[in-house]
Amino acid sequence: MALNKNSNAYTIIYTVVMVVIVGALLATLAILLKPMQEDNVLNEQKESIMKAFGAEGESFDKVTVGAIVGGTQFVEVKKDADIKAAFELISNRKALAAEEDALPIFMYEKAGETLFVVPIVGKGLWNDIWGYVALKPVADNMEVVGIIMDHAGETPGLGAEIATDDVQGQFAGKQLYANGEFALKMLKNGKDNRAYIDGCSVDAISGGTKTCDGVNSMLENSLKKYAPFFETLGVHVNVNIE
Amino acid sequence: MKLSKNFTNPLAANNPIIVQILGICSALAVTVKMEPALVMGLSVTFVAAFSNLIMSLLRNGVPSRIRIIVQLVVIATLVIVVDQFLKAFMYDVSKQLSVYVGLIITNCIVMGRVEAYALGNKPWDSFVDGVANGLGYAFILVLVAFFREFFGSGQLFGMQVLGDWYTPNSLMLFPPMALIIVGCIIWVHRSFNKDLQEK
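Keeping their order, the protein sequence lines are chains D and R. Using numbering that gives the first Met the number 0, read the first sequence as starting at 0 and increasing by one per residue. Using numbering that gives the first Met the number 0, read the second sequence as starting at 0 and increasing by one per residue.
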């Protein structure tokens with residue numbers, strides 16, 4: 000009996016067999032390559048953190064991975080499994096935004112100064128934005144050493160400029176608080192804008208206002224959680240009781 | 000003789016980009032630098048070659064009613080394989096290519112060759128046809144990327160080749176310049192191939 004290749008039964012069996020084979024093949028490949036892909040993501044995170052510290056290309060080994068527990072206490076994370084868990088938390092942007100108990104933080108000694116890197120996460124105009132901000136305590140304030148930002152889908156040429164060195168470079172040397180209020184914001188520069196504070200505000204991107212608003216909420220919401228810890232370093236913060 | 004003609008035809012006389020004008024959109028998107036252009040070209044070559052080979056092997060068993068679906072499944076599988084390998088072994092390049100690797104699935108060259116050639120020819124011929132079409136695509140991509148990277152940033156493969164005296168022409172980095180360069184290549188190509196000129 001000749002096989003009727005246009006019968007329904009043949010078509011359905013053909014489809015099922017094809018899908019099962021392809022599915023098994025791709026699943027096997029994904030499992031085999033997963034460890035290497037995860038290593039790549041981890042290395043990228045470490046490189047971003049070193050770049051934020053202003054120590055691009057240097058080994059991550061000198062960085063102390065830590066967590067802020069109970070709002071104020073810095074606890075070093077030592078076990079490999081716990082360090083891995085910390086990076087996984089940073090990769091999982093939703094979980095990081097919701098985390099309240101053990102806030103990830105990185106500490107690095109550079110030229111006698113103690114620098115901290117805090118992961119930040121928020122929403123831009125179209126999709127998630129995230130990054131790392133490096134800070135150091137200066138008198139009663141926190142000063143930005145460097146910032147790295149990335150995005151999932153901001154408009155190229157406008158909002159997507161937040162991922163460029165030009166925009167990120169403007170953050171260096173800015174301070175987090177003005178008279179105890181959070182003031183590190185991207186704002187329209189100029190005499191008519193009284194909200195613009197020299198030393199705290201960063202020139203916003205023309206045409207990228209919504210993304211810059213997203214950056215402002217990202218910075219404020221992510222860094223708010225670390226404010227009690229910053230106070231223990233001698234920073235003056237007005238903690239709003241809502 | 001047929002085999003060698005099969006191979007050389009898509010490289011010049013019947014090049015998928017400059018003669019058939021297929022696969023233009025990715026040619027605009029990934030040609031700012033030479034490295035991603037080369038990787039993209041090789042990825043398309045891999046996908047085109049193996050989708051042609053696999054479809055040619057299956058060509059007598061595929062129910063004709065669902066042949067387009069079967070082609071898509073084969074092409075999509077190969078694209079996912081490429082994407083996973085790039086993410087594991089060439090992470091930086093895979094980030095630069097971003098969505099364009101996934102979009103190889105919709106690249107007209109790949110499906111066009113499967114439908115037009117592989118379904119009616121033997122596996123080895125089909126494989127050669129896929130390799131040649133992929134290489135024809137890769138060649139144009141790399142050529143466009145050469146001009147854009149050289150004049151746009153004074154570099155080749157990320158290495159500085161022009162000195163400080165050169166002010167990079169950032170106009171070259173904008174997507175429309177890829178179209179203009181492709182246009183110039185078509186112009187030069189047709190001036191040598193009189194039979195392609197329209198009367």
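By construction, these hints were calculated from the structure, which means they are not laboratory data. Be aware that a few hints might be false.
Derived pair list, reagent style EDC-like, types lysine to aspartate or glutamate, alpha-carbon separation capped at 16 Å [what the hints assert, rightly or not]:
1) D:K224 with D:E180
2) D:K45 with D:E99
3) D:K173 with D:D127
4) R:K94 with D:E43
5) R:K86 with D:D202
6) D:K224 with D:E99
7) R:K86 with D:E37
8) D:K223 with D:E180
9) D:K223 with D:E55
10) D:K61 with D:E46
11) R:K94 with D:E37
12) R:K94 with D:D38
13) D:K135 with D:E112
14) R:K94 with D:E108
15) D:K83 with D:D38
16) D:K45 with D:D149
17) R:K94 with R:E34
18) R:K94 with R:D82
19) D:K45 with R:D82
20) D:K33 with R:D82
21) D:K61 with D:D79
22) D:K209 with D:D197
23) D:K109 with D:E142
24) D:K184 with D:E230
25) D:K224 with D:D212
26) D:K122 with D:D202
27) R:K94 with D:D149
28) D:K61 with D:E37
29) D:K122 with D:D149
30) R:K86 with D:E43
To see whether the hints hold, each was checked on the structure:
no., hint, in the structure
1, D:K224 with D:E180, "holds (14 Å)"
2, D:K45 with D:E99, "violated (23 Å)"
3, D:K173 with D:D127, "violated (24 Å)"
4, R:K94 with D:E43, "holds (11 Å)"
5, R:K86 with D:D202, "violated (35 Å)"
6, D:K224 with D:E99, "holds (7 Å)"
7, R:K86 with D:E37, "holds (9 Å)"
8, D:K223 with D:E180, "holds (11 Å)"
9, D:K223 with D:E55, "violated (27 Å)"
10, D:K61 with D:E46, "holds (13 Å)"
11, R:K94 with D:E37, "holds (14 Å)"
12, R:K94 with D:D38, "holds (15 Å)"
13, D:K135 with D:E112, "holds (8 Å)"
14, R:K94 with D:E108, "violated (31 Å)"
15, D:K83 with D:D38, "holds (11 Å)"
16, D:K45 with D:D149, "holds (14 Å)"
17, R:K94 with R:E34, "holds (12 Å)"
18, R:K94 with R:D82, "holds (10 Å)"
19, D:K45 with R:D82, "violated (23 Å)"
20, D:K33 with R:D82, "holds (12 Å)"
21, D:K61 with D:D79, "holds (15 Å)"
22, D:K209 with D:D197, "violated (22 Å)"
23, D:K109 with D:E142, "holds (15 Å)"
24, D:K184 with D:E230, "violated (20 Å)"
25, D:K224 with D:D212, "violated (19 Å)"
26, D:K122 with D:D202, "violated (19 Å)"
27, R:K94 with D:D149, "holds (12 Å)"
28, D:K61 with D:E37, "violated (22 Å)"
29, D:K122 with D:D149, "holds (11 Å)"
30, R:K86 with D:E43, "holds (12 Å)"
Of the numbered hints given earlier, the model fails hints 2, 3, 5, 9, 14, 19, 22, 24, 25, 26, 28; all others are met.
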